[in-house]
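Enquirer: For reference, the chains in residue letters:
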Amino acid sequence: MDLPAYVSNQQNSEPESQISHLSLDIGGSLIKLVYFSRNDHSHRDDDEQRSQNESLCFSDNDTSQPVPEGRLHFTKFETSKINDCLEFIRSKKLRLGGFHDCTAPSSDKIFIKATGGGAYKFADLFKERLGISLDKEDEMDCLVTGANFLLKAVHQEAFTYLDGQKEFVQIDHNDLYPYLLVNIGSGVSMIKVDGDGKFERVSGTNLGGGTFWGLGRLLTKCKNFDELLELSHQGNNRVVDMLVGDIYGGTDYAKIGLSATTIASSFGKAISDNKELEDYRPEDFSRSLLRMISNNIGQISYLNALRFGLKRIFFAGFFIRGHAYTMDTISVAVHFWSKGEAKAMFLRHEGFLGALGAFKSYEKQSLMA
Amino acid sequence: MSSKLLSISISSLIKLVYFSRYNDSRRDDDEQRSQNESLDVSNSDTSQPVLDGRLHFAKFETSKRNDCLDFIRSKKLWLGGFHDCTAPSSDKIFIKVTGGGAYKFADLFKEKLGISLDKEDEMNCLVTGANFLLKAVHQEAFTYLDGQKEFVQIDHNDLYPYLLVNIGSGVSMIKVDGDGKFERVSGTNLGGGTFWGLGRLLTKCKNFDELLELSHQGNNRVVDMLVGDIYGADYAKIGLSATTIASSFGKAISDNKELEDFGPEDISRTLLRMIQIILVRSLT
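Just so you know, the protein sequences line up as chains A and B, in that order.
Number 342 in my numbering belongs to position 342 of the first sequence; there are no gaps in the numbering.
Number 1180 in my numbering belongs to position 180 of the second sequence; there are no gaps in the numbering.
So that you can see chain B by itself, here it is in the shape it has in the complex (with noise of 0.2 Å):
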């Protein structure tokens, strides 16, 4: 059995990335069902042994946590924690874990899978994560504008500062100065959360990806009151068009409607602009 190193990051998703070492080459079902990526890793940071393998990533929803404990369970991945030498059972062992859930399921991984949570800071985390990716791997960041995906090239040297936004079910925004220098600056309480939990609310989907999928057909003019239903046009002289959204679900007022007479997928879309633009307002 090759070890494997296994790190975990909880909220409303739980968040898996373990890696493999090239000795292990079966094909894994497994892998695919819960729709892993892998990325071929080698580390040439000249201080680190050298590891060649791969590193898969999985998600489960922290409702379906049971899955993601058997999912563990099945692959082993608790042997690929490092085992405590201080502690006098050598059972004990360790893995790294990050976000709310590695406080708040210390208990349950205790119990059902005999595994100690070694807990490391969230905004630690995503800024070192955030780093790595940015200087380890090739095509990682990249623009999206007008339908257009461009990868960035970024220079090593002149990566800092930059602001990390990272929407996940609540939004935090983070300066990051340099490897382990940052500062959490902001942060909102509409995410990801809200979308799926208001559109969840209005539209009975059950997750966020077919609330997701709905939105491509939605038309949010019919929710949203505009500057030109307030105007009957343009308000030029502050340089906002008829088709600027003056009041998210503005039109969901009007008597003549029920929830039932909107379309999912209209409030899908609304909901997914109103949490777009208030994300660019508070990056003021």
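Excised from the complex, chain A in its bound form (with noise of 0.2 Å):
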């Protein structure tokens, strides 16, 4: 099997001892890790920068766990390429900082906290390639438990994102609940979240990040997300979408509110037998794909916080990766059909709740030593 370039690059000085504790989220495209280091690691590490890791500096604070000091790692792997995963994993030596099963005959037993489908999916290929269990944690509790700490723990972590304007909100700790989480991932889950361990899964849709990257891809013969993302920045979505302006000469239908703008049937246009799919550019496609979804999402999610009278929606998942497009997108949908009286904000670490909700379990389980 074939090492990716940075394993075979290692430094082979890397103490073993320094890194500690990994959790995966196993989603239907992404495989989302988070792993811990103590502070006395402190050497450069290229194999993070090249998997475009982050890290952010962990004090916990509550006075019921013993303090950890150290960094919080975060890194991604598309599921069909599983093997980079597990390859990585072993490289960095990471299952070490699995929590060893003192109740088992064997004390080679090492298990990694891990949530999403793949969890269920993957676990006999965890055991066999690497001889790790993988102890399963619940999806929806480990988004919302991720969710919760986020919003709580760290400083500038939900924003607002409106005509071009980033700005951070002020998460007041006794006034966090009820909200919406919109979960974007292949598909979409909306959680209503009441408090630390109370939620409802309340709806989702079929229209997520996986319906953009497989329609786009199909349409574009783009490699990946990434690519097909960067396209839609030059594309032009009414070259392809109906807009009510078609419809109506130019006009708008004002006496029901929708501008000339408004689009009233995403690829309306490519109904005309006057072109092909190679008669259009692949970044126009893009761009109409993005709109289709976001929108859908953000009127989908508003109609939900609606039927549970929640003000804040809170949009988290890799779907999005902090592009202004997309966040626009969505913030104008859920301002236009709550008429202003809902929010839409986003998350920093928008992809990592899962893997952050099942890294959490750990301290739960007062494994963090």
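Calculated from the structure, these hints are not laboratory results.
Check the hints yourself; a few may be wrong.
What the simulated footprint calls covered on chain A by chain B, stretch by stretch (three residues with Cβ under 8 Å from a Cβ of chain B suffice, anywhere in the stretch; the number is not a length) [said to hold, decoys possible]:
1) 24-38
2) 118-132
3) 238-248
4) 271-277
5) 296-308
Facing chain A, from chain B, some residues (calculated, C-beta under 8 Å) [stated by the list, open to error]:
6) R1184
7) G1191
8) Y1231
9) L1259
Derived EDC-like pairs (lysine to aspartate or glutamate); straight-line CA-CA distance at most 20 Å [as the list claims (entries may be wrong)]:
10) A:K221 - B:E1260
11) B:K1064 - A:E276
12) B:K1237 - A:D138
13) B:K1096 - B:D1118
14) B:K1015 - B:D1209
15) A:K223 - B:E1260
16) A:K221 - B:E1258
17) B:K1135 - B:D1179
18) A:K81 - B:E1258
19) B:K1204 - A:D279
20) A:K221 - B:D1255
21) B:K1237 - A:E200
22) A:K255 - B:E1120
23) B:K1059 - B:E1213
24) B:K1206 - A:D273
25) B:K1064 - B:E1210
26) B:K1206 - A:E276
27) A:K275 - B:D1209
28) B:K1204 - A:E276
29) A:K223 - B:D1255
Just so we're clear, the structure is a prediction, and the values are computed from it rather than from any experiment.
We treat Cβ as the ideally placed atom computed from N, Cα and C, and that holds for glycine.
The task is to assemble the complex, starting from two chains supplied on their own in separate frames and drawing on the hints.
Expert: Structure, rendered in structure tokens:
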């Protein structure tokens, strides 16, 4: 099996004991990892740069927990490239950070906290290849735990994004609940959060990151999600979408509050006999797809917030990737449908909620020494 | 020549309704070709004169509007417009029209047929049409579940309120509280135009019906990412079975397959399911 380049460049002097506690969120499209290193670990890590890690300095002020001081690291892999992920874990000897099950006869029995569907689907693979057992945590539970942790413990985590302006939101710990958490991964889950551990998945939608990536790949031949997203910057959706103005001859349908540029039917112009797939620019397809999905998520999120009287909606998941047009479209949709009543907010650690939640469950079981 | 009344609704499709009185009995081949339906009408509303005749229905794609203009001309439907008696010239003929094209194609109708379009509000017409059908037509509304079609008996005294969901190129959702009493409360941008547009791009189908026909043999599980694909099983804790669609077109992210490797029937089926599910979610 081929080893990814960064693994073969690994420095052998890296001390093993400094990296501890790994958790995984294995989703339909992406595997998210969170792992913790203690503060005496100070050398630069080239591997981390290449795998686009983020680090988060972590000092646990919760008086009921012992205080571990160190860094939280974040990284991700495509689920289709799970072998790369296994190699990464093996190369960093991160498996040593799992906890030992003292009740097991063999002292080699190592568990790693894992969530997402892949915690079930790939359990055997991890066992076989790394000798690791996956200690499965519920996905919804982890998403909520991760969200609550980020909102309470991390400074400047949540922000609004409207008209190109990013504004961090001050979270009042005593006024956090209830809120709607919308996690946009391959698919979308919408969770009503009422407190720590108190939540209900109230809805979801089938139009998510997987749809953008999948339809995008079929229409544009883009090789990956980021390439598709990048293309959308130069796109013009009005070439592909049927607008109210197209139906009404350039005017608004003012009587019901629809401006001429409102999209009446996504991809509605593509019914035209005159043009084939090849005659359209991939940028325009990408833009239309992004708009279609973002708009729809904004609308359905708002409808569910309305249903439960929720004014705050936090959007998470790797569909967003801090992308301006995506955040703007979602914000505008929420603003439009709620007539300004509801607020769309985004999270800096957007895609890592599940992995963080799984990570926190080590603490819950007092496994952080 | 018997008089006929014509009204038109225009967006992606041009829909015509015209009325002929019973003294006009010749067979009409054109009607067969344009797949007309006819509806016998007896207007029993005592505030209106009693009209006995047939309502005819026809449609054309907006891209083929010239065919529509020819149809109108050949059947001399334009003669049936009502005259504007206040106009100096007695040639000024109006036809009732709704939909966006009533604005967009006003000049075309004037130019080619000398007809002026008397524009009516689209939402108003949808509601008026719905109320008329539900009250005046026997066996108009029906349910469809598990392959079973069942006609619904409409109680005229218990008709309101109801939600009207009109699925054209786009979708409008209208709360109807009575005759002329309504509000467009919502809509969605994933409609018939999306199915047709994306379908055309991905399958090269020439028209909507062809695309729809294809979907019968399709299998969406080849293209969609299901809960079972992510979990290897049900996600029972939150009530999602393994066959629930988690992400439409989610399997198409795979490096191993290109567009040409997917069957057009599977793509069509997937598109249909995608739009159906979003429609239901939007009804929250």
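Enquirer: Confirm or reject the coverage of the segment 24-38 of chain A by chain B under the rule of 3 or more residues with a beta carbon closer than 8 Å to the chain's beta carbons.
Expert: With 3 residues close enough to chain B, the hint holds.
Enquirer: Would you mind confirming whether the straight-line C-alpha gap from K275 (chain A) to D1209 (chain B) stays at or under 20 Å?
Expert: 19 Å, holds
Enquirer: Mind checking the alpha carbons of K223 (chain A) and D1255 (chain B) for me, to see if they're no more than 20 Å apart?
Expert: Given that 20 Å is the threshold and the Cα spacing comes to 8 Å, the pair holds.
Enquirer: Taking 20 Å as the top limit, are the C-alpha atoms of K1237 (chain B) and E200 (chain A) close enough?
Expert: 11 Å, holds
Enquirer: Regarding the pair K1059 (chain B) and E1213 (chain B), is the alpha-carbon distance no greater than 20 Å?
Expert: 19 Å, holds
Enquirer: Starting from K1237 (chain B), check that the Cα of D138 (chain A) is at most 20 Å away, please.
Expert: Holds, at roughly 9 Å.
Enquirer: Please verify whether K255 (chain A) and E1120 (chain B) have alpha carbons no more than 20 Å apart.
Expert: 12 Å, holds
Enquirer: Can the hint on R1184 (chain B) be confirmed by a CB-to-CB distance to chain A that is less than 8 Å?
Expert: 5 Å, holds
Enquirer: Can the restraint linking K221 (chain A) and D1255 (chain B) be considered satisfied, given a maximum Cα separation of 20 Å?
Expert: 10 Å, holds
Enquirer: Taken at face value, is the distance from the CA of D279 (chain A) to the CA of K1204 (chain B) at most 20 Å?
Expert: 13 Å, holds
Enquirer: Check the hint pairing K1096 (chain B) with D1118 (chain B) against an upper bound of 20 Å on the C-alpha distance.
Expert: 5 Å, holds
Enquirer: Does Y1231 (chain B) hold up as a contact with chain A if the rule is Cβ-Cβ below 8 Å?
Expert: 4 Å, holds
The earlier numbered hints are all upheld by this structure, with none contradicted.
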